[in-house]
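*Asks:* Sequences and hints are given; from them, build the entire structure.
Going line by line, the protein sequences match chains D and U.
128 is the number that the working numbering gives to position 128 of the first sequence; each next residue is one higher, with no gaps.
Count along the second sequence starting at 1, add 1000, and that's the number in the working numbering.
Don't read these hints as lab results, they were simulated from the structure.
From a predicted model like this one, the values you see are computed outputs, not experimental measurements.
Warning: the hint list may mix true and false statements.
Stated by the list, open to error - Listed next, the in silico SDA-like pairs over lysine to any residue satisfying Cα-Cα at most 20 Å (straight line): (1) U:K1302 - D:A72; (2) U:K1305 - U:D1332; (3) U:K1213 - D:T10; (4) D:K71 - U:I1336.
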Amino acid sequence: MKTPLRELWTGFRSLLTGMRVTLTQFFKPPVTVPYPYATLPIPERYRGHIELVRDPETGMSLCVACKSCEKACPSGCIVVEGIKREGDKKKSPTVFTVDFTRCSLCGSCVEVCPTEALRFSRRYNLAGTDREAYFLDLLKRLQAQAASTPTPATKA
Amino acid sequence: MSTSAALADAARAAARAEGRETFVLNLGPQHPATHGVLRLKLTMDGEYIARAEPVCGYIHRMHEKMGENRTWAQFLPNTSRIDYLSAMHYTHAYVAAVERAAQLEVPRRAEFVRVITSELNRISSHLVWFGAFLLDLGGFTPLLYAFDDREKILDLLERITGARLTYCYYRFGGLYNDVDAEFLRGARDFVRYLRPRLDMYRELVTENIIFRKRLEGIGVADAELCRRYGATGPVLRGAGVAYDVRRAEPYAVYPELDFKIPTHPRGDSLARYLVRMEEMEQSLRIIEQALDLIPEGPFRSKVPKVLKLPPGDTCFAVEAARGRFMVRIVSDGRDIPYRVKLRTPSFSNLSLFEEASRGMLLADALAFLGSLDLVIPDIDR
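*Replies:* Laid out in C-alpha cells, this is it:
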C-alpha cells in the first residue's frame, strides 16, 4: 500500500514541477525574431557565396586569373578565364563565374587566393524560382557594386 | 502458382489456425517518428515485434568513394556532412589522420581550440538528440528549450567559423582561422548559462514520472550485446562500460584535462539518457578547463601547398557525439587518397536494434530507437 501511495505523491509532484517550469517560461521575453520584419545581424565571418574584391585604388578586381581557386574547388563550380591586357603587368579576368547550385561553401577558394581577390558575400536570402539565378557572374556583380559605391579612382 | 508460394501459403494458414499469425509493418522511410530516412521492416505479432529489419541506404552519398577522386584537402567539406550534428568531431578525425600520416605539427593553441569547439559541438548534438527524443516520447516543450540553448552554441560557432552546421573549421596543421577574445568570453558565458539550464532539465524531464515509466527497463542493450555489435559511445557507456576514445586512445590535449566518463550499469533507455545528460556536464567542465589553459600563439603551422602523403596506411579515431568515429586513410604517395574508410558509430549502434528489439512493444521500440541517437546520413554515408 505504501509504495503506490508514494509513487502517486512523487508523480504528482513531478507534474507540478513541470507546470512550474513552463509557467515561469511564460513570463520571459520571447527568444524568437519576427523574421522578415526583423533580422539577426550577420556575423563578420559569415560564409555566403563568394564575390570579387575591388582594388580600393583602381576600382578593378584584384584577381590575376591564376586559376588557383578553380583548381582548389572540390565541386568544380568556379570558371575563370583571363588575358593579359596591353600595358598591364598582370593578367586580369575576362570570365569569372560560380555555379552556386554545386557550391558547398567550404571556402577553399578564398583560402588559396594569392592576391586576396575573393571574399564571402553576406547574402543569405537565397531562395529563388529558377536555376539560372544561381549561375553567378562575379564580374557583373563587381561592376554593379562599383556603380553603387564608387571608389576615389572611378569618381575622378 | 509456384511450389514455394504454395508452401508459404500453407505455412500462413497453419499459423492462422494456431493463432500466431504475423504481419509486416513498414516504418519509414518517411515516418515522422523515425529520424531521417531510416526504414524499418517490422514483422509484428499483434502489438509485439517479432523481427525488426532496418533497411539502410536511402541517403547513401558515396562519401568514401568521393574521397578517392579529390585531393586530401578537397575531402574536407565532406567530413562535416557525414554526421551533420557533430561535424567538428568528424573533421577532427580526418584532419588528425592526415596530420599523423604526414607528420605535421599542430600548434598548441589550435589543439585547445579544437577541444573547445568539439565539446561545444558535442553539447549541441546532445541537445538536438534530447529535444528529438522527448518529441518521440510525446513531450513537445523540452524541444523548444533545447533548441533555444543550442542556438547559443550555433551563434558562437558561426562567429568564428562562418557556418552554423557544416563548419569545416579544422585544417591540416591547425585551424581555418583564429578565435577571438569575444568567442572565448562567449564560451565562458555559455558554460555559466547552461549549468542552471541542465538543472532545469533534470527537474522538468529526468524526474518526471511519465518519462521514467516510459524508459525504465525498456530496450536493454547489455555490455555483451554492445561488444558483439561494436556499439560505442553513450550506448556502450549506458551498459556500464567506461570506454571513451578520449581516454582509451588519447588525442589532442584531452590527457591534460580532468573529466569523468559517465556510466550507468543498467543498459536500458533511461541509462543511455542519463549518460548523455551527464556528458553535457562533463563537456562543460572540459570547456572551462580548456578556456583556462589556452595559450597564445599561432593557430596554424606551415603546410606544403600541394600535400602529398607518404605511401602507407593510417588510422585515427575520435570520440564523436554518437561514439567512436574512425578514419582510415591509405596513401599511395600521390596527392589523391587511395582509400578513405569511415567507421561511423551510428551504423554499429543501429545493428544491435534487430536483436534487442525482439519481443518489444512497438511503442517501446520507438523509445528504444530514439535512445540510440541515430543520425541516418551517418549510417548510410
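*Asks:* It remains to establish, for every hint, whether it holds in the given structure.
*Replies:* A quick look at each hint next to the structure:
1. At most 20 Å may separate the alpha-carbon atoms for a hinted pair to count; K1302 (chain U) and A72 (chain D) meet this at roughly 18 Å.
2. Our distance criterion of 20 Å between C-alpha atoms is met by K1305 (chain U) and D1332 (chain U), whose separation comes to about 18 Å.
3. Of the supplied pair hints, the one linking K1213 (chain U) and T10 (chain D) holds, its CA atoms being roughly 12 Å apart against a limit of 20 Å.
4. For the suggested pair K71 (chain D) and I1336 (chain U), the alpha carbons sit about 13 Å apart, so the restraint of at most 20 Å is met.
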